[in-house]
Each structure stands twice: as structure tokens, then as C-alpha cells.
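Could you put together the complete structure from these sequences and hints?
From first to last, the protein sequence lines stand for chains A and B.
If you count by my numbering, then the first sequence holds residues 1 to 111, one letter each, in order.
If you count by my numbering, then the second sequence holds residues 1 to 112, one letter each, in order.
If you're looking for bench data, these hints aren't it; they were derived computationally from the structure.
Any given hint might turn out to be false.
[Stated by the list, open to error] Keeping only pairs whose Cα atoms sit at most 30 Å apart, straight-line, the calculated DSBU-like set for lysine-lysine is:
1) A:LYS37 <-> B:LYS11
2) B:LYS53 <-> B:LYS70
3) B:LYS11 <-> B:LYS70
4) A:LYS56 <-> A:LYS5
5) A:LYS68 <-> A:LYS5
6) B:LYS53 <-> B:LYS11
7) B:LYS57 <-> A:LYS71
8) A:LYS56 <-> A:LYS37
9) A:LYS5 <-> A:LYS54
10) A:LYS37 <-> A:LYS68
11) B:LYS70 <-> B:LYS57
12) B:LYS57 <-> A:LYS5
13) A:LYS68 <-> A:LYS56
14) A:LYS68 <-> B:LYS57
15) B:LYS57 <-> A:LYS37
Treat the numbers as computed from the prediction; the structure is a model and nothing was measured.
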Amino acid sequence: DQQVKQNSPSLSVQEGRISILNCDYTNSMFDYFLWYKKYPAEGPTFLISISSIKDKNEDGRFTVFLNKSAKHLSLHIVPSQPGDSAVYFCAASVGNEKLTFGTGTRLTIIP
Amino acid sequence: DAGITQSPRHKVTETGTPVTLRCHQTENHRYMYWYRQDPGHGLRLIHYSYGVKDTDKGEVSDGYSVSRSKTEDFLLTLESATSSQTSVYFCATAGISDGELFFGEGSRLTVL
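Shown next as C-alpha cells:
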């Protein structure tokens, strides 16, 4: 049972445009959400997080939005750059417990 | 960079043989995790540790065991490897339980 779902396995976006990656979850107890970025042959690296008490968190070009009623979060990257091409994983946790990851979305930025 | 080293980085083995993957960290992080990454499944937690000699099972723990005798080392053992355990294995650490996870570079295991 996949509690965290990323329904788009891949996404292609023109350089300079906005990239929007989506994530849905089923466990209403999740209260902390994160996005990780992964390049080939490397481990994932932390990108941005959001607590359930917020609906938006911004860090430079990256913004994460949380819609608790819809059990949905999204990552916006603007403007998209070639170096953003990677696999993005969303993750969630309950009360400081271990993270549950989604299946990942491969983002390709087209120059 | 949390100073996480995984070994071996690549291994090919045969069905039925034992395999041990090692994770070594230099950050004195309390929490350590083993994940596997498979197409269509993302990252799935195998086992984790919240201190020396304190370990617990994750969502895909069958066929795996772990040990943590020192803060810096977390070993993942496949007692008798099967082809379904062909995967990329990632070790991760965290200073606090809800903190950012720092991942190693991964160990690619192929079981023939």
C-alpha cells in the first residue's frame, strides 16, 4: 500500500519555465513533508521541507505547497535550470518517525 | 555532506550466498537507516537504528538483518541472497529523528 504517491514518473519542462512536481498521500497522520533530489549514481539530497502547520514554504527558486484537505503537496521550481534535471522524491513522516518516500518523478529540463 | 561511506559500491553475487553491506558515518549521528531503491517503488525502508544495538524493522525487512555495534557503523546482511534482492541500497543518517536525512552514494547489488 503506497501511502505516498507520485503519479507522474517523468516530466519535461523548458528551461526558464516553471516546473511543478506533485505528490499525494493517504495517511492523514503525516505531519512533516520533504522533497529530495537525486542525480544518477548519487544518493538523494535534501531539498526543502514543510510542516503540516504551514501551507507554503519557500527557499530561493523552490517552493513547496501543502494542501492538507486534499492530501496533496507540490514542489514548484521557477525558473527551471538544466541543473534541476534529476529524480525528485517526496517523503512524509508521522510525529518525528521514519520517512515514507514516494516513487519519484524524473524531471528533465530542456535547454 | 554527512561523511557517509558505503561499501562495497558494487557487488555481483549468486543466489544463496550471504552478503554484507557496510555503512560508515563520521558525523556521530544517532539515527541510521537502510533503504532500497527499485523502479516503480522509490525508496523503501528496510531497517533502521536509533542507537547502538537498538534497531527496528522497516516496511521491507524480510530476508535482511542489521547490526549496530558502534555509533559509526551500520551493517546490512542478506543471509541468503535472492534475485529479488537485486537493488540499489542506500544508507542514511540523521542527527535527530525528524531531521534531514543524509544519504550515502549507494551500493548496487546484483544477485544472479
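Determine which of the earlier numbered hints do not hold for this structure and return their numbers in increasing order. Violated: none.
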